[in-house]
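*Asks:* Here is what each chain is made of, one letter per residue.
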Amino acid sequence: MMDFLKRFSRNKGALLGALILIVVVLLAVFAPLIYPDSPWKMVQRPFLTPFSTDGFPLGTDTLGRDVAAGLVHGARVSLIVGLVSTLVALLIGVPLGALAGFYGGLVDDGAMRFTEFFQTIPNFALAIVLVAILEPTLPTITLAIAIVSWPPVARLVRAEVLSLRNREFVDAARLAGLSNMRILFGHILPNAMSPIIVMASLMVATAILLESSLSFLGLGDPNIMSWGYMIGAARTVIRNAWWLSFIPGVAILLTVLALNLIGEGLNDALNPRLARKGR
Amino acid sequence: MADPVLTIRDLAISLPPGADREFAVQNITFDLYAGEILCVVGESGSGKSMTANALMGLLPEQVEVAKGSAHFESRDLMQLPAHERRKLRGDRIGMIFQEPMTALNPLMRIGDQIAEVFEAHNRHSPAERRQKALALINEVGLPDPEKIIRAYPFQLSGGQRQRAMIAMALALDPAILIADEPTTALDVTTQAQILNLIKTIQQRHGMSVMFITHDFGVVAEIADRVIVMRYGEIVEAGTAQAVLDAPQHDYTKALLAAIPSDTVPDPAPVTAQPVLQVRNLRKTFVTSGGFFKPKREVKAIDDVSFEVARGEVLGIVGESGSGKSTVGRAIVRLVEPDSGEIILDGQDMNTLTAAELRSARRRVQMIFQDPYASLNPRKTVLHALCEGPIVQGVPRDKAHARARELLEIVELDAGAADRYPHEFSGGQRQRIGIARALAMDPDLIIADEAVSALDVSIQAQVLDLLRGLQQRLDLSLIFITHDMRVAAQLCDRVAVMQLGKLVEIGPVHEVFLNPQQEYTRTLLAAVPGTDWQLGAA
Numbered sequence: 000m001m002d003f004l005k006r007f008s009r010n011k012g013a014l015l016g017a018l019i020l021i022v023v024v025l026l027a028v029f030a031p032l033i034y035p036d037s038p039w040k041m042v043q044r045p046f047l048t049p050f051s052t053d054g055f056p057l058g059t060d061t062l063g064r065d066v067a068a069g070l071v072h073g074a075r076v077s078l079i080v081g082l083v084s085t086l087v088a089l090l091i092g093v094p095l096g097a098l099a100g101f102y103g104g105l106v107d108d109g110a111m112r113f114t115e116f117f118q119t120i121p122n123f124a125l126a127i128v129l130v131a132i133l134e135p136t137l138p139t140i141t142l143a144i145a146i147v148s149w150p151p152v153a154r155l156v157r158a159e160v161l162s163l164r165n166r167e168f169v170d171a172a173r174l175a176g177l178s179n180m181r182i183l184f185g186h187i188l189p190n191a192m193s194p195i196i197v198m199a200s201l202m203v204a205t206a207i208l209l210e211s212s213l214s215f216l217g218l219g220d221p222n223i224m225s226w227g228y229m230i231g232a233a234r235t236v237i238r239n240a241w242w243l244s245f246i247p248g249v250a251i252l253l254t255v256l257a258l259n260l261i262g263e264g265l266n267d268a269l270n271p272r273l274a275r276k277g278r
Numbered sequence: 000m001a002d003p004v005l006t007i008r009d010l011a012i013s014l015p016p017g018a019d020r021e022f023a024v025q026n027i028t029f030d031l032y033a034g035e036i037l038c039v040v041g042e043s044g045s046g047k048s049m050t051a052n053a054l055m056g057l058l059p060e061q062v063e064v065a066k067g068s069a070h071f072e073s074r075d076l077m078q079l080p081a082h083e084r085r086k087l088r089g090d091r092i093g094m095i096f097q098e099p100m101t102a103l104n105p106l107m108r109i110g111d112q113i114a115e116v117f118e119a120h121n122r123h124s125p126a127e128r129r130q131k132a133l134a135l136i137n138e139v140g141l142p143d144p145e146k147i148i149r150a151y152p153f154q155l156s157g158g159q160r161q162r163a164m165i166a167m168a169l170a171l172d173p174a175i176l177i178a179d180e181p182t183t184a185l186d187v188t189t190q191a192q193i194l195n196l197i198k199t200i201q202q203r204h205g206m207s208v209m210f211i212t213h214d215f216g217v218v219a220e221i222a223d224r225v226i227v228m229r230y231g232e233i234v235e236a237g238t239a240q241a242v243l244d245a246p247q248h249d250y251t252k253a254l255l256a257a258i259p260s261d262t263v264p265d266p267a268p269v270t271a272q273p274v275l276q277v278r279n280l281r282k283t284f285v286t287s288g289g290f291f292k293p294k295r296e297v298k299a300i301d302d303v304s305f306e307v308a309r310g311e312v313l314g315i316v317g318e319s320g321s322g323k324s325t326v327g328r329a330i331v332r333l334v335e336p337d338s339g340e341i342i343l344d345g346q347d348m349n350t351l352t353a354a355e356l357r358s359a360r361r362r363v364q365m366i367f368q369d370p371y372a373s374l375n376p377r378k379t380v381l382h383a384l385c386e387g388p389i390v391q392g393v394p395r396d397k398a399h400a401r402a403r404e405l406l407e408i409v410e411l412d413a414g415a416a417d418r419y420p421h422e423f424s425g426g427q428r429q430r431i432g433i434a435r436a437l438a439m440d441p442d443l444i445i446a447d448e449a450v451s452a453l454d455v456s457i458q459a460q461v462l463d464l465l466r467g468l469q470q471r472l473d474l475s476l477i478f479i480t481h482d483m484r485v486a487a488q489l490c491d492r493v494a495v496m497q498l499g500k501l502v503e504i505g506p507v508h509e510v511f512l513n514p515q516q517e518y519t520r521t522l523l524a525a526v527p528g529t530d531w532q533l534g535a536a
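As they're listed, the protein sequences go chains D and A.
As numbered in numbering that gives the first Met the number 0, residues 0 to 278 make up the first sequence, in order.
As numbered in numbering that gives the first Met the number 0, residues 0 to 536 make up the second sequence, in order.
The following block holds chain D by itself, in its conformation from the complex (with noise of 0.2 Å):
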């Protein structure tokens, strides 16, 4: 684990990555203690520029309501979001995947041809088509992309699976008597982590801009202030108030951007042998 942590650090891009994701998460912990009212209460006069009136650092948006308590209640939803259905998505691929990779045959075909089946829809347009035929909630969103997702998943962990069933280790652990789910939870899944973990810390980064750009159109929780949603909104003013969408784009830019350094960093710590090569 100390091991695990000095590799990760030695990567400059990654420490930075979470320094930017620990700043998240701590300002969506805490919304409700910085901005315990909510945030689609108007409070001041609308088209407030920011930094130039006390209390609202950066500013209000076209009906008055504070930029920054948006954003920081933002912050809950696209983690939540990107958190949640990344879950979900790995709850469904892996488990496919890997029974598709052990067992072969019939078993693999079907699951290939089911994952193939989801593949062969455009993400968004699925993800828009599925949370226009279920209400716009946040859980019904969450759902819809973890749907779409989960896919590549699948194909990750059968890669894998296929690769370590015929080890020697797994050839041991049969002749030892053990059941094939025994195998394939306990010998076959636990080496197949790393390139899970970093497949997963890559894809609450794609989750979240999934979320972003449904609530952009206008598809995300009425009831919730998200990123994707004040970007949607300030579109419309964008030439008299660019930095009503300039500010919550950023966000999103500098958290996505913040998940990618890790999952890159956690490659390297995860496959030393590559990553030396790499540089």
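In case anyone wonders, no lab produced these hints; they're calculated from the structure.
What you are looking at is a predicted structure, and each value in this text was computed from that prediction instead of being measured.
There are no misleading hints in this set.
Okay, the calculated beta carbon distance ranges per label pair:
#	chain 1	residue 1	chain 2	residue 2	range
1	A	377	D	179	11 to 21 Å
2	A	421	D	14	19 to 29 Å
3	A	9	D	3	33 to 43 Å
4	A	153	D	179	32 to 42 Å
5	A	394	D	124	50 to 60 Å
6	A	154	D	102	29 to 39 Å
7	A	82	D	102	46 to 56 Å
8	A	521	D	3	45 to 55 Å
9	D	90	A	256	52 to 62 Å
10	A	121	D	179	58 to 68 Å
11	A	377	D	56	47 to 57 Å
12	D	181	A	421	20 to 30 Å
13	D	102	A	306	33 to 43 Å
Only pairs whose alpha carbons sit at most 20 Å apart, straight line, appear in this in silico SDA-like list of lysine to any residue:
#	chain 1	residue 1	chain 2	residue 2
14	A	378	D	170
15	A	378	D	193
16	A	378	D	269
All C-beta atoms, glycine included, are put in the ideal place defined by N, C-alpha and C.
Put chain A on the given structure of chain D with help from the hints.
*Replies:* Just chain A now, with coordinates in the frame of chain D:
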């Protein structure tokens, strides 16, 4: 043998910080004379390949020549700029590698790869290049040059690929040929042919050959002079005869002593009850063809029958593709046999259902070849040793106590239990593998190439351990190996396999000293260094 072609003085190669030692090699001083074969011998990590790579300018990143010189044709190789060295490579110094499949470009035809050598050095017109390539293919003894020139590497066998590599290395008639373990990945009969080829070509072209190997048998077969390396330093140098017959350094003596000898023991015939009877075992692998491709069938096990007595060691020897490993895996049903009986103490393993098989697994255990792949890197040694017994219903504390006991039996200290596999060396891991097999208290143990991945001195230790355990615990053992010498040392009886068939089986001294089948005789004759050892015995 007057003039040295290559003069190496005080060469040292530094490793990046954090490696297990500061220098990969140091104080390397030797000469390579015109028209000689110089063998560089050492175990893994001795720095023998590093030395060759330094000469070729092929050192990995962060590994640098720290000091020293290597004079070749009145120039110091270590001081030459990169483009000058590139001109030398392939032209004046050729190199062949251990694994010809990865050393050849899989997407290029053999002829084009040879022609490319000429092209890279701007020699000849395209038509001439083709002619030369044909001549080379002919020279290295590849059959049907017109066909080979159009073949892709995957269409050739291992030995043919190595011949193609040699043809490439010979293309520009180099003064020095560096061969880095060129026969290690090959079967023993193929190895004999390639060694022969290298020798003939060396004489015909008057080349100097620097031949890197770990195998003293190979040394005895081809070397004029020998350098023995350990931990990056030369410990002994001299003519082949002097080093082999009268080694000076303790390490060389130890290495030579560790070689399994050809002196065949004459064990008392085993008369006990058979623990395992295999009858008419068959397994055919079918690769499913596409729409237009015909199916391909490989008979991996073709009607094989034999018995193993209680307390007996049966060796199964054969070259790669002979089906010897498949037999071992079929007995434990890691491979499902097509038909046949595998009777273990009266119970036919081949008729068991999956659930019955799981509880019967205990009775036959395996020791695997690769000590790095056979242990789960994420589980402690204790876990590896206990998981099986616990699944079979042994109480946890009893299993733990037994595991610690077994570690002692295989001569590892008890503290090993709580460590992870990566903290152990190859030989130690193989001991753990043996302990794991013993933990299940099996009736029969199958060791599949259990010592093949180990250095010769480690190999000797593990073999000693196996032999001791076998006698002490009265184990029944099937020992699968490609190495005739190892088989001769450990086994009571030997079975020889070829192309899925059992060609000969009998007590070890009969098979080795009085082989009945032509194939067995060929195999035995191909073992490198036979003459030298017979002379010594």
